[in-house]
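A.B. asks: From first to last, the protein sequence lines stand for chains X and R.
Yeah, the first sequence ends on 112 if you go by my numbering, and it's all consecutive.
Yeah, the second sequence ends on 115 if you go by my numbering, and it's all consecutive.
Please note that a few of the clues may not be correct.
Cross-link-like lysine-lysine pairs, in silico, DSS-like; alpha carbons within 27 Å at most [unchecked claim]:
#, chain 1, residue 1, chain 2, residue 2
1, R, K9, X, K99
2, X, K70, X, K51
3, R, K95, X, K51
4, X, K99, R, K95
5, X, K99, R, K57
6, R, K71, X, K99
7, X, K70, R, K95
8, R, K83, X, K99
9, X, K99, R, K70
Derived from the structure by calculation, the hints contain no laboratory data.
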Amino acid sequence: GQQLNQSPQSMFIQEGEDVSMNCTSSSIFNTWLWYKQDPGEGPVLLIALYKAGELTSNGRLTAQFGITRKDSFLNISASIPSDVGIYFCAGQSNFGNEKLTFGTGTRLTIIP
Amino acid sequence: DGGITQSPKYLFRKEGQNVTLSCEQNLNHDAMYWYRQDPGQGLRLIYYSQIVNDFQKGDIAEGYSVSREKKESFPLTVTSAQKNPTAFYLCATSKGLVWRTDTQYFGPGTRLTVL
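Taking the hints into account, I'd like the entire structure generated from these sequences.
C.D. replies: So this is what it looks like as structure tokens:
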């Protein structure tokens, strides 16, 4: 199955820094989702995007649905230790008719 | 307490044995999914079900089987035919086709280790 290109694969940052990651696809998506996964746990939904150009925030997290419908971005401002984990993007082509396609994840590590 | 329950959290089995992983939800969601996650990789879809008594193969269904006899339950059986069953298994649900959204919510996962 298709997988999204998610970058970077890993990030090492200091506490307080801002973080940016993105996902790109060769296909157009109608839905973009961003999840965070802690070690040994299931992914937790952070932000859902349903409209091209949409910019949505959830606390210190902001995600955008790219105008081309082929990409999405996630930003984390002023990172804190609990932001550590793996962030996954996921896209869907048609509402309810197509399966979600997941990115390969961005592993975020915060250096003390 | 609403949510998705997967049990057990950790499971150990001998090679050649079938094993069934449980997934229960009380979110009243129509659709349920099983994913497999290997270290350093994304999620790969094993099986999914949009409605009771119906299910479809995902991208890596070989060596797995499922049933959907009740809306709340979607058990996954890892059979002896699965060549490399050791992995982290995740169950997910979504409201389904009627709601025109496939935003999925995940359970806590089951880590299966085959010895």
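A.B. asks: Against each hint, give a clear statement of whether it holds in the structure.
C.D. replies: Against the structure, the hints come out as follows:
no.: 1; hint: R:K9 to X:K99; verdict: 26 Å, holds
no.: 2; hint: X:K70 to X:K51; verdict: 12 Å, holds
no.: 3; hint: R:K95 to X:K51; verdict: 19 Å, holds
no.: 4; hint: X:K99 to R:K95; verdict: 13 Å, holds
no.: 5; hint: X:K99 to R:K57; verdict: 11 Å, holds
no.: 6; hint: R:K71 to X:K99; verdict: 19 Å, holds
no.: 7; hint: X:K70 to R:K95; verdict: 24 Å, holds
no.: 8; hint: R:K83 to X:K99; verdict: 25 Å, holds
no.: 9; hint: X:K99 to R:K70; verdict: 22 Å, holds
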